[in-house]
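Protein chains: 2
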Amino acid sequence: MGSGTRLVSFVGGQAGAWRVEAATTIAGAALPAVTAIDAIEAGEPPAGTWTLRGVVSHARYTHAREQSELRARQAGLGRPEATRAALIPIRKSAAWWDLAHDERRAIFEERSHHIAGTLKYLPAIARRLHHGRDLGEPFDFLTWFEFTPADMPLFDELVAMLRATEEWRYVEREIDLRLYRS
Amino acid sequence: MGSGTRLVSFVGGQAGAWRVEAATTIAGAALPAVTAIDAIEAGEPPAGTWTLRGVVSHARYTHAREQSELRARQAGLGRPEATRAALIPIRKSAAWWDLAHDERRAIFEERSHHIAGTLKYLPAIARRLHHGRDLGEPFDFLTWFEFTPADMPLFDELVAMLRATEEWRYVEREIDLRLYRS
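Protein chains in written order, with my numbering: chain X, 1 to 182; chain V, 1001 to 1182.
Hints were generated in silico from the structure; no laboratory data involved. Just so you know, not all the hints are guaranteed correct.
[Claimed, not checked] Taking beta-carbon pairs under 8 Å as the criterion, some of the chain V residues facing chain X (in silico): (1) Thr1005; (2) Val1008; (3) Ser1009; (4) Val1034; (5) Ala1036; (6) His1058; (7) Arg1060; (8) Asp1102; (9) Arg1133; (10) Phe1141; (11) Pro1149; (12) Ala1150; (13) Asp1151.
Beta carbons are placed, not taken as given, at the ideal position from N, Cα and C, and that holds for glycine.
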């Protein structure tokens, strides 16, 4: 195995560390309903209703200045007070992936402010991105968020802001799973 | 399965469509010796001495102007006269992957001219890149090249040019396999 990337399997089923509070299909086909989700980072994941896989890997658009600002401000996963979570799997369209890198960066940041616009939600909303596209997974990205119950309205604001961007016109499938620690 | 990416398995062993003419370890650990290589694009790959996997995916650094120039000039794989090939697996260092995207792009193109400097080798040298990093493979990239016997010196010039770049200081493992159609 190579080093530097880490495979995470999100298993949806009837038991797990996180209970599903709400599951909303924002775009495209729904996922089968589940009542709990586990994030498995080592060993063979248990069988579930579905398993979504992604890799924690290097950032694809972030510039140096942005990277140091993000690293200085973001919180890690696993804060005891962060008892709420969200898992948002998305797939972008073929039109997105056909764009050259500078075109994707311009839409992502210069016009949609994906990084600059979300800095204000740090460190309240902790976040980890998992890449699934090169694995042949049904979703290109699985983003996992953790926050306190008090920050739930802030999280709603964050996702509403992103969904209104030009970048989101390229999202053809999106599921929004809201979770609480069981 | 998601669409838009394609998994290719390179199987090294005792039989296959391409015979190994030379195998040179440029940096890092060697690969076990094999006499032939097959590129398997569908179905379960046969057992071999080793199997290296990578995904044909979107370009990570190419700008729009470069992408249209590349698309206009490059040849596809499988030209009958292109009876020579090379498979060059490389892994880059953790220091490379820790860089922000704009820093990697500056080294890759603005300072190492990876795209601009290789345009002159098109269409003579056909090329396809396979990404292995997110698969947890031992190599980040597997590049497959095809060319005519007459263009072998041109190919030598291309790899020598790339190995002299600043970008290549981040290459910590590299194997150079030269092949001919069997």
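Evaluated hints:
For V:Thr1005, the suggested interface contact is upheld, since its CB lies about 6 Å from the closest CB of chain X, less than 8 Å. With a cut of 8 Å, the hint placing V:Val1008 at the interface with chain X is violated, because the nearest CB-to-CB distance is about 12 Å. Annotation: V:Ser1009 was flagged as interfacial toward chain X, and the flag is violated, the nearest CB pair being 13 Å apart, outside 8 Å. The beta carbon of V:Val1034 comes no nearer than 21 Å to any beta carbon in chain X, farther than 8 Å, and the hint placing it at the interface is violated.
Here the hint on V:Ala1036 is broken, as its CB sits about 25 Å from the closest CB of chain X, past 8 Å. Taking 8 Å as the C-beta cut-off, the interface hint given for V:His1058 holds, the closest approach to chain X being about 5 Å. For the restraint placing V:Arg1060 at the interface with chain X, the shortest Cβ-Cβ distance is roughly 6 Å, inside the 8 Å limit, so the hint holds. Annotation: V:Asp1102 was flagged as interfacial toward chain X, and the flag holds, the nearest CB pair being 4 Å apart, inside 8 Å.
A cut of 8 Å between beta carbons decides the hint on V:Arg1133: the least distance to chain X is about 6 Å, and the hint holds. This hint is violated: V:Phe1141 has a C-beta 11 Å from the nearest C-beta of chain X, more than the 8 Å allowed. For V:Pro1149, the suggested interface contact is broken, since its CB lies about 34 Å from the closest CB of chain X, more than 8 Å. Given hint, V:Ala1150 at the interface with chain X, is violated; its Cβ is 33 Å from that chain's nearest Cβ, farther than 8 Å.
Among the interface hints, the one on V:Asp1151 is violated; its C-beta lies about 28 Å from the nearest C-beta in chain X, farther than the 8 Å criterion.
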